[in-house]
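Each chain, written out:
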Amino acid sequence: MQDLAVALESITRVHGVRGAMVVSVSDGLVVAESLMEDIDGAPIAALTASLATRLRRTTEAAGRRQPTFLHLRADTGTVLAVPSSGDLLVVAIGEQDVNVGLARLEMLHLAERGI
Amino acid sequence: MRALEPWVEAPLATFLAESSARLTLLMTSAGQVVAQHGFTRAFDVMSAAALGAAIMASTDELARLMEVPAFHALSHQGAHYGLFLSGFDTPRGRWIGLVVFGPESSLGLVQLFFQRMVADLVTVAPGPEPTGQVLGEDFEDELNASLRTLFGQ
Amino acid sequence: MSLVNFTAREITCKIVYYGPGRSGKTSNLQYIYSRVPEGRRGRMVSLATKGDRTLFFDFLPLELGTISGFATRFQLYTVPGQVYYNATRKLVLQGADGVVFVADSQARRFDDNLESLQNLQENLLGHGVDIRDLPIVYQYNKQDLPSDLILSPGELDDALNFRGVKSYGADCLSGNGVFETLRGISELVLKRLAAGSPVA
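Protein chains in written order, with my numbering: chain W, 31 to 145; chain F, 1410 to 1562; chain C, 215 to 414.
For the record, the hints were derived by calculation from the structure and aren't laboratory data.
For glycine and all other residues, C-beta sits at the position ideal for the given N, C-alpha and C.
Watch out, some of these pointers could steer you wrong.
To be verified - Cβ-Cβ distance ranges computed for the label pairs, FRET-style:
| id | chain 1 | residue 1 | chain 2 | residue 2 | range |
| --- | --- | --- | --- | --- | --- |
| 1 | C | GLU336 | W | LEU81 | 37 to 47 Å |
| 2 | C | PHE376 | F | GLY1511 | 20 to 30 Å |
| 3 | W | THR89 | F | GLN1524 | 38 to 48 Å |
| 4 | F | ARG1431 | C | ASN300 | 53 to 63 Å |
| 5 | C | GLU394 | F | GLN1486 | 19 to 29 Å |
| 6 | W | ARG95 | F | SER1429 | 17 to 27 Å |
| 7 | C | ASN300 | W | ALA104 | 51 to 61 Å |
| 8 | C | GLU336 | F | MET1475 | 14 to 24 Å |
| 9 | C | GLN296 | F | PRO1478 | 23 to 33 Å |
| 10 | F | PRO1537 | W | THR106 | 41 to 51 Å |
What the hints assert, rightly or not - Just some of the chain C residues that point at chain F, by a computed CB distance under 10 Å:
| id | residue |
| --- | --- |
| 11 | THR280 |
| 12 | PRO360 |
| 13 | ASN375 |
| 14 | PHE376 |
| 15 | GLY378 |
One chain only, chain W, in its complex shape (with noise of 0.2 Å):
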């Protein structure tokens, strides 16, 4: 769990970024965590967990491989996810101007260590 929290720091050091999870998709819940004080996780945690679930049916409707990289935009700021090895799921929550390409890159980087 340390190894986590420290690898989540290579997400949450990129411009933009105020917090990452790990988080598993069956459950909704929050595996592991590194947030800055004002954002509460577990809400988070299990909205993007049953969004990444329904994204995963929808392109299996669609005959297409399962997403690799969710980014959403809001008008105050972004949630980033990418699917992991097994039932998780890594989450960034970041500001309006996060470096997304930088942030994907080190999401991308800890799904595939196989968390």
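Chain W is fixed; fit chains F and C onto it per the hints.
Chains F and C in isolation, oriented as in the chain W frame:
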């Protein structure tokens, strides 16, 4: 969905829509049903309420025995369905929620929207129900007739 | 306390069958279950050990019908009788609207009856309820056994029934007295409601 009191309906409906729960039951801590969704037989609802209240009462007692603060919620994960049980205080006394959810939902979603439902219920709940006369003085004849029917006598 | 819903016009009451181990609490519910039409009762839930001793409780929901314009339901519970299951007994008693104290009429079980009655009183007090304020009836079960083995209802009344509440001789296996007992406690519980006692 069926709620004994109308003010419970809106928060419960929101919870059901958001969480995609299969079965939901709200009950008093003594196991009396307050609202339910998804059950098809009234008697099954009562049995589920009795069992849910018993589980919560047991965990409360375990906490007391172990001298730790009360457990607010517990969950059971099955192969296909999960069960979430949680106690909470309302202006009408302590209630318990029992939720059964399938793969279209998750424990995280259920927990999240359950907390919101509890906050909504506490906000909209009227105060304690007034006490007063419930049955007419002549209820005994009807009771005897009901019991005769019940026992075929 | 009884759950009374004025909008839906429904009343739900909780009745607990209490008494020493093997006095016949579960037999009461089993007889009621066997005699009540299917549409008026739910499944009987029994949390029992392999030896058929009640571990937590038995539960039987009954639909009494409409009384004074209220759809009236009774929830019948039993408690485990063995002394060491007191924690679960106390839990089941919580919120009870009425109690049926099922005593074993056998003379050799007399002390067990007395102990269970004292235990009932203590557990009710633990919930902040004075036994004198709660509807209660006594049932003296196993009255079918040979007379030299048992005490008569009169003798048991003298020894246990200090408050002079209603009592019924019974033989739960054949069903004698079961219906009368249920009628007795139902009347008391509903009378209390009719008198305008606080409702939850």
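Going through the hints against the structure:
1. A hinted range of 37 to 47 Å for the beta carbons of GLU336/C and LEU81/W is inconsistent with their spacing of about 54 Å.
2. A beta carbon spacing of about 55 Å between PHE376/C and GLY1511/F contradicts the range 20 to 30 Å that was offered as a hint.
3. Checked against the hint of 38 to 48 Å, the pair THR89/W and GLN1524/F fails, with Cβ atoms roughly 31 Å apart.
4. Separation of ARG1431/F from ASN300/C is about 36 Å and departs from the stated range, judged on CB atoms against 53 to 63 Å.
5. About 47 Å separates the C-beta atoms of GLU394/C and GLN1486/F, a value inconsistent with the hinted range of 19 to 29 Å.
6. Between ARG95/W and SER1429/F, the C-beta spacing of about 25 Å keeps the proposed range 17 to 27 Å intact.
7. At roughly 56 Å, the beta carbons of ASN300/C and ALA104/W sit within the given window of 51 to 61 Å.
8. As the Cβ distance of GLU336/C to MET1475/F is approximately 22 Å, the hint placing it in 14 to 24 Å holds.
9. Against the hinted window of 23 to 33 Å, the Cβ-Cβ separation of GLN296/C and PRO1478/F comes to about 30 Å, which satisfies the hint.
10. At roughly 43 Å, the beta-carbon separation of PRO1537/F and THR106/W lies within the given 41 to 51 Å, and the hint holds.
11. For THR280/C, the shortest C-beta to C-beta distance to chain F is roughly 7 Å, which falls under 10 Å, so the interface hint holds.
12. Hint status for PRO360/C relative to chain F: violated, with the closest Cβ pair at about 28 Å, above 10 Å.
13. Interface hint at ASN375/C: violated, since its Cβ lies 23 Å from the closest Cβ of chain F, which is beyond the 10 Å cut-off.
14. Because the closest C-beta pair between PHE376/C and chain F is about 26 Å apart, greater than 10 Å, the hint is violated.
15. At its closest, the beta carbon of GLY378/C sits 20 Å from a beta carbon of chain F; the interface hint therefore is violated under the 10 Å criterion.
Hint compliance for this structure: hints 1, 2, 3, 4, 5, 12, 13, 14, 15 are not met, and every other hint is.
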